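Here is what each chain is made of, one letter per residue.
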Amino acid sequence: MPTEPLLTVEGVSLAIRGNPILQEVSLQVSSGKIVALIGPNGAGKSTLVRVVLGLLQPERGRVWRKPGVRIGYMPQRLAVDETLPLTARRFITLGMPASRERVQEVLAEVGAARVLDTPVQAISGGEMQRVMLARALLREPDLLVLDEPIQGVDLNGQYELYDLIGDLRRQRGCGILMVSHELHLVMAATDHVLCLNRHVCCSGHPEHVARDPAYLQLFGIDGARRLAVYHHHHNHRHDLHGTVVAEDAPVPALSTIDEEEGLSHRLENQKAHG
Amino acid sequence: MDDFLIRAMLGGFGVALAAGPLGTFVVWRRMAYFGDTLAHSGLLGVVLGIVLNVNPQLGVVAACLLVALILVLLQRQRRLAADTLLGILAHATLSLGLVALAFMETVRVDLVGYLFGDILAINNTDLYWIWGGALLALGALAWLWRPLLAATVHEELAQVEGVPTFPIRVAFMALIAMVIAVAMKVVGILLITSLLIIPAAAARRFARSPEGMAVLASGFGCAAVGSGLWASLRWDTPAGPSVVVAATALFVLGFLVPNRSRRNT
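These protein sequence lines are chains A and B, in that order. So the mapping is simple: my numbering equals the position in the first sequence, first residue as 1, plus 14. So the mapping is simple: my numbering equals the position in the second sequence, first residue as 1, plus 735.
Isolated chain A (complex conformation):
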């Protein structure tokens, strides 16, 4: 799999009205890789996305995009005013002109072919996410930037969307930067997780991040347990830094951790069989 970097962010800092939003944030996205950006509300995730997209200039640090890189962007939420008569097809071609067949094709790729001529105001939340994804894909992007792609989508739809995004990476080989505060599902297809709370708390492979005390501190045991669904390695229990966790977060008794990992095994088995 190619690993050429598409985007490099180095030591980016940004304050809005004297309020530090991002501090010394670095990240890299390569083609064929999925990078997930997680963090609580107000952690600066959307600000970082806007810096990545070039909509905001950082005060310090460097943003490098591979020359000529095509970015497909899927914004967090998009509500078209009721007064604007716009079908899904017109919405998609606003980003780039394309024939009806081409739009139909890309809509089929995201599994929303049936909304082609539907007014965007009549499309359900999950379908609208797919339509926005289709608009991004129409540009044949090298890099997809998805801001909370599963927001407002029901649980089943969330699994489907993540499967779809995983497929897109495989079939198109594009790099994907994905923002989420839904933690438990992010991990499945992700290569690299960046845990943001104004600065990068921790980063690395999903399993690594899930065991990082900074991560546990940020999301609490509840979030951590949901994440545990996608654990794969269970041979580093002694590396849990339990003492650090115990300071600020509710104490994860060792038995709880055991139970949690038992759960993750079960869920993994279920997933494998289902």
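Any given hint might turn out to be false.
[Stated by the list, open to error] Selected chain B positions facing chain A (in silico; Cβ < 7 Å):
1) Met-744
2) Leu-745
3) Val-888
4) Glu-891
5) Arg-939
6) Phe-941
7) Ala-942
8) Arg-943
9) Ser-944
10) Glu-946
11) Met-948
12) Val-950
[Unchecked claim] Incomplete in silico selection of chain A near chain B, CB under 7 Å:
13) Leu-67
14) Leu-69
15) Val-83
16) Tyr-87
17) Pro-89
18) Leu-92
19) Val-94
20) Asp-95
21) Thr-97
22) Pro-99
23) Leu-108
24) Gly-109
It should be emphasised that the hints constitute simulated quantities derived from the structure, not laboratory data. Note that the structure is predicted; figures quoted are calculated from it, not measured. Ideal placement from N, C-alpha and C gives every residue a C-beta, glycine not left out.
Got chain A; can you put chain B on it based on the hints?
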């Protein structure tokens, strides 16, 4: 038909043709009050034109652009909400215009004409200005159509896709300023926004595409001008307000037509 009536019709149609499509964007972008604010500064522009001894319509364009610029700058601070700023500017500029007019004792200005329009007094020079301005505005809008529509749906998405959103927004404001300048003679400063908004709003129910809505808005605007003028002659009512009443009547009538554009959410 009398000459003055033909000129009034032609002038009204010119304004309505340009105001329709531009008005759809005003409606989509929820900028009705913004248009109103620019229009209110029109009187100041008239004074400016008199002082600088140029055509009052040029003065109006200049004043509207100035106010639009001030608004853009003021909106960068976030202490006051946009609608508060608009309210302050709208009434401050209108009052400034009235006060400035009072100072100019040597010039006799038809104040009511500027405030409510004087469509029956349109002369040939006015017609050139109106049609020149309207065609220029329509041409520019057609040229800007795609990027402006993309920026209207989602500004940041459009920007990522390569639309220069800031220049587009400035150009759109300039177009509104231009239409206000040419529409002033027809409906007057206080009623201009109605020509932008009401035909566009009336067109919404019958439109299935943005372009369809724009064309329909132009059509409804022309119908309002025609029927308003007719009513004004028939019952000897003020022409500008009659056109606005006719537009409103069309808007209301639209609701009586059964809705064929099925959309159930």
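| task | Check each numbered hint against the structure and report the violated ones by number, ascending. | result | Hints 1, 2, 6, 10, 12, 15 not satisfied by this model.
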